[in-house]
Amino acid sequence: MRRRSTKQKNHPTFPLKLSELRQMLDSELINSQDLSFTVYKQANKKVAVFYIPYLVDQQKVEQLALQSLLDMQTEWTSDTILSEIPLALGKKDSDISSIIKKVTEGRICIYVEKENEAITYELAKSEKRGIEKAETESIVIGPQIALTESLASNLNVINMRVNIPDLAMERIDVGKRNPKETRMIYIQSIANETDVNTMRQRLSELEVDMIEDIHMLKQYILDSSFSVFPQYVSSELVDRSVYSLKEGKIVVLIEDSPLALIAPSTFFSFFESTEDRYFHWELSTFIRILRFIAAFVTILLTPMYVVATTFHFELIPSQLLVTLGESRAIVPFPPIIEVILLELIIELLREAGARLPTKVGQTIGIVGGVVVGTAAVQAGITSNILIILVTLSALASFSTPNYIMGNTIRLIRFPLIILAAYYGIIGLMFGICLLIIHLIRLQSLGRPYLAPLYPLRLADFNKVFFRLPEQYQGKRFLSYRLKDRRLFNRREATKKKDTY
Amino acid sequence: MKKTIQVPIHNQFRAFYMFFVIFSMQAGVGILGTPRIVFLEAGHDAWISIILTYLYVVILLMIMLYILRQYDNHDILGVQADLFGNFISKVIGTIYLVYFSLQLLSILVTYIEVIKVFVFPKSQSLILGLMLIIPVVYTLLGGLRVTIGVVFIFIFLTYWVLILLIEPLRQIDFLNFLPIMDRGISDIMRGVVANAYTFSGFEILFFIYPFVQGKDRMTKPIILGTSGISLLILLSTTIAIGFLSPDQLQRRIWPLLNLYKIQTSPIIERLDYVVIAEWMMVVLPKAILLMWCISYIAIRMYNFPKKASIYVFSIIILVCIPFFNEHFVIQKLIDSTKYIAYGLVYIYPLFLLPLVVIKKRVQRKKKGKNHANR
Numbered sequence: 001m002r003r004r005s006t007k008q009k010n011h012p013t014f015p016l017k018l019s020e021l022r023q024m025l026d027s028e029l030i031n032s033q034d035l036s037f038t039v040y041k042q043a044n045k046k047v048a049v050f051y052i053p054y055l056v057d058q059q060k061v062e063q064l065a066l067q068s069l070l071d072m073q074t075e076w077t078s079d080t081i082l083s084e085i086p087l088a089l090g091k092k093d094s095d096i097s098s099i100i101k102k103v104t105e106g107r108i109c110i111y112v113e114k115e116n117e118a119i120t121y122e123l124a125k126s127e128k129r130g131i132e133k134a135e136t137e138s139i140v141i142g143p144q145i146a147l148t149e150s151l152a153s154n155l156n157v158i159n160m161r162v163n164i165p166d167l168a169m170e171r172i173d174v175g176k177r178n179p180k181e182t183r184m185i186y187i188q189s190i191a192n193e194t195d196v197n198t199m200r201q202r203l204s205e206l207e208v209d210m211i212e213d214i215h216m217l218k219q220y221i222l223d224s225s226f227s228v229f230p231q232y233v234s235s236e237l238v239d240r241s242v243y244s245l246k247e248g249k250i251v252v253l254i255e256d257s258p259l260a261l262i263a264p265s266t267f268f269s270f271f272e273s274t275e276d277r278y279f280h281w282e283l284s285t286f287i288r289i290l291r292f293i294a295a296f297v298t299i300l301l302t303p304m305y306v307v308a309t310t311f312h313f314e315l316i317p318s319q320l321l322v323t324l325g326e327s328r329a330i331v332p333f334p335p336i337i338e339v340i341l342l343e344l345i346i347e348l349l350r351e352a353g354a355r356l357p358t359k360v361g362q363t364i365g366i367v368g369g370v371v372v373g374t375a376a377v378q379a380g381i382t383s384n385i386l387i388i389l390v391t392l393s394a395l396a397s398f399s400t401p402n403y404i405m406g407n408t409i410r411l412i413r414f415p416l417i418i419l420a421a422y423y424g425i426i427g428l429m430f431g432i433c434l435l436i437i438h439l440i441r442l443q444s445l446g447r448p449y450l451a452p453l454y455p456l457r458l459a460d461f462n463k464v465f466f467r468l469p470e471q472y473q474g475k476r477f478l479s480y481r482l483k484d485r486r487l488f489n490r491r492e493a494t495k496k497k498d499t500y
Numbered sequence: 001m002k003k004t005i006q007v008p009i010h011n012q013f014r015a016f017y018m019f020f021v022i023f024s025m026q027a028g029v030g031i032l033g034t035p036r037i038v039f040l041e042a043g044h045d046a047w048i049s050i051i052l053t054y055l056y057v058v059i060l061l062m063i064m065l066y067i068l069r070q071y072d073n074h075d076i077l078g079v080q081a082d083l084f085g086n087f088i089s090k091v092i093g094t095i096y097l098v099y100f101s102l103q104l105l106s107i108l109v110t111y112i113e114v115i116k117v118f119v120f121p122k123s124q125s126l127i128l129g130l131m132l133i134i135p136v137v138y139t140l141l142g143g144l145r146v147t148i149g150v151v152f153i154f155i156f157l158t159y160w161v162l163i164l165l166i167e168p169l170r171q172i173d174f175l176n177f178l179p180i181m182d183r184g185i186s187d188i189m190r191g192v193v194a195n196a197y198t199f200s201g202f203e204i205l206f207f208i209y210p211f212v213q214g215k216d217r218m219t220k221p222i223i224l225g226t227s228g229i230s231l232l233i234l235l236s237t238t239i240a241i242g243f244l245s246p247d248q249l250q251r252r253i254w255p256l257l258n259l260y261k262i263q264t265s266p267i268i269e270r271l272d273y274v275v276i277a278e279w280m281m282v283v284l285p286k287a288i289l290l291m292w293c294i295s296y297i298a299i300r301m302y303n304f305p306k307k308a309s310i311y312v313f314s315i316i317i318l319v320c321i322p323f324f325n326e327h328f329v330i331q332k333l334i335d336s337t338k339y340i341a342y343g344l345v346y347i348y349p350l351f352l353l354p355l356v357v358i359k360k361r362v363q364r365k366k367k368g369k370n371h372a373n374r
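Those protein sequence lines, which keep their order, are chains G and H.
Each residue of the first sequence is one higher than the one before, counting from 1 in UniProt numbering.
Each residue of the second sequence is one higher than the one before, counting from 1 in UniProt numbering.
Don't take each hint at face value.
[Unchecked claim] Straight-line C-alpha distance at most 20 Å; calculated SDA-like pairs for lysine to any residue:
#1 H/K215 <-> G/L456
#2 G/K125 <-> G/D34
#3 H/K307 <-> G/L456
#4 H/K261 <-> G/H312
#5 H/K307 <-> G/L434
#6 H/K220 <-> G/L456
Hint data in this document are derived by calculation from the structure and do not stem from the laboratory.
What you are looking at is a predicted structure, and each value in this text was computed from that prediction instead of being measured.
Next comes chain G alone, as it looks inside the complex (with noise of 0.2 Å):
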């Protein structure tokens, strides 16, 4: 390291002949095979082009830089140089090791035999892919546009969408060895300036060498590392993105990735889906209830499957009991055994179905489904009850709005029906109360993780646990102690106005 660092002190400087410069460049660029290095002439001056023609726009290179270079009237000189060719962000530079680097980020060189210095214009190109549809977080109604992997993309759509001058969008290059351009965009007159500082401070203060993803970033901000809740929505909808913003949110965007990160979150929000505002209000909140009743079903319908048939055959009225009793006769494993096997297998249909491709996934899912659950029943390895049990819960889940979310809840429940194996409704018990004193102990970025259940509020809870009607809400979220806590009116919102 120190040899090539004294090594790089005994660089020729400029000025310096082409032959020189070329030479040089070869030596020190690792892939100078890539280099592509012209010379012209125009009279009695040589100038040296150079770039690596994948890392920049070919065509903007030819028409606006060498075709104007070469049309130029003038004595070539770098100032010349600089005020005649139409391209802006053209810059100065006398340095070779900077010049280095610029040409590996993608900007091109331009070099007048025997000046002091060079100049570089930004003629990037980075690929992307256009605007699409949202798909992991799919919705019926609604503006369906999702954000992209290109950073600049993504702010213009959100910028578009927040036409208003307070909208801060703070620059932070997070990474030491690849720093990554991210942004964190809040409203300055709505959102809580500790949040923001928090959010900054922890941002700016992360020792990674490089993140490839939101979702690693989100592991390294989170508030509680050992926690399996997720702690900050994720979103690729852009929609969601501008309401969080609407409601005193950060949003966090890195280079890169298509998702953006919406802090603080409370446990309720990852049961919101952007959908529920544009139904209307007794529609939304119905669809929420059975929401949260879905995913009740989740942790619990298995677990207490194992707590009745292993302990508490009392539990179940005699009705239901025969015919429990019948279905699982001839399986020949405990409870425990049998719910396991199954979910386990619905896991493994539901991961099939994840990695293979759209066609084939649906496919697996439908005959593993059938066929697999038939044939466990007629083998009699499992009971018929358990199937319809195992399927219920594992639709229940797939009703959560957010992914993570619902993988959470799906992976918890296994604890739980280990404990209700071991311990029947007491164990079960057990695990229910460590799962809410844990909800209860979580924060994100600082917030209590179960507003506004606890800390109470009250006002809140036509955000979270159902809707009023629109002019009814006008208020934001009052448990994150926003700077503008109302969004309107009310009383003027709810008059109906026609004259005519």
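Since the structure of chain G is provided, determine the placement of chain H on it from the hints.
Frame of chain G; chain H shown alone:
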């Protein structure tokens, strides 16, 4: 030992939550057996005893609040130190510590006995104890805010089971209550005394007072809290007396659980199982608050480190649990707890009141004289 306590803002909680603190502290396992215990003393006039106990508790709470309000952010240990000096304060503080430990042990042991009688006759006490202690420790390590949160949320998750008493309520025989005031004052007063164990718990006010935000708004939640739980005790006793015949009631140790056997639903046959499991969420808040008091006293008086105090006392109590296997041993434990409670909870504040009043008056006079001399 410092008398005034400085509480950082993140450890304070709103006065509103005092409702839930008092409510869960007075709940616990006592409510399961109260109907029989009061009935044995006061007969079918037990409900009068309960109302009288409630009134006495309200008066006591007002007195306790009055005492605490004479000082500026003191807990009882600070008040004692001001009145009697450090040494006696430490002695009484230690009695409090022992009392809370016995209380905690007794509720855990009673609940474990209930589980053993109704659900798992052959299970290990130690493992059941572990299942109760782990959530307690886990909560307390999160700090006071988490503690209050657990108390608050568990209340909403448990008390719906009382709705299931609707069926026995409909089958009450009102003749069981007649004639009213048949048993005489002495029996009814003995019923009041018998209630001491069930109603104890509100003494936490003496310790948690410095942590409350907005102390002038505290009276209402406290009174409502104790009223709420007293109403539930009254209701369950009334239903038990009205539904069960005197002979049946005398023979059942936990009449409330027997009442749940009457209720059935299309999906669940034996609701008493569900109620016993749910009761864990009633026992836990009380156990958590008691453990909080224990560790608080240990930290404040003996300068224990916070985590160590929680671990040490949890382990001591856990080790004690297997020794209380027989019903009569548990009954003895409850009785001895009750005797300490008579003195410490029900009489001690009455004894403190005149002392505090006199001391404050003397201080005020001194101040007045000083002013006059100037």
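Now the hints, each set against the structure:
1. H/K215 <-> G/L456: 19 Å, holds
2. G/K125 <-> G/D34: 16 Å, holds
3. H/K307 <-> G/L456: 28 Å, violated
4. H/K261 <-> G/H312: 15 Å, holds
5. H/K307 <-> G/L434: Satisfied, since the Cα-Cα distance of roughly 19 Å is no more than 20 Å.
6. H/K220 <-> G/L456: Holds, because 18 Å separates the two Cα atoms, which is no more than 20 Å.
Consistency with the previously given hints fails for number 3 only.
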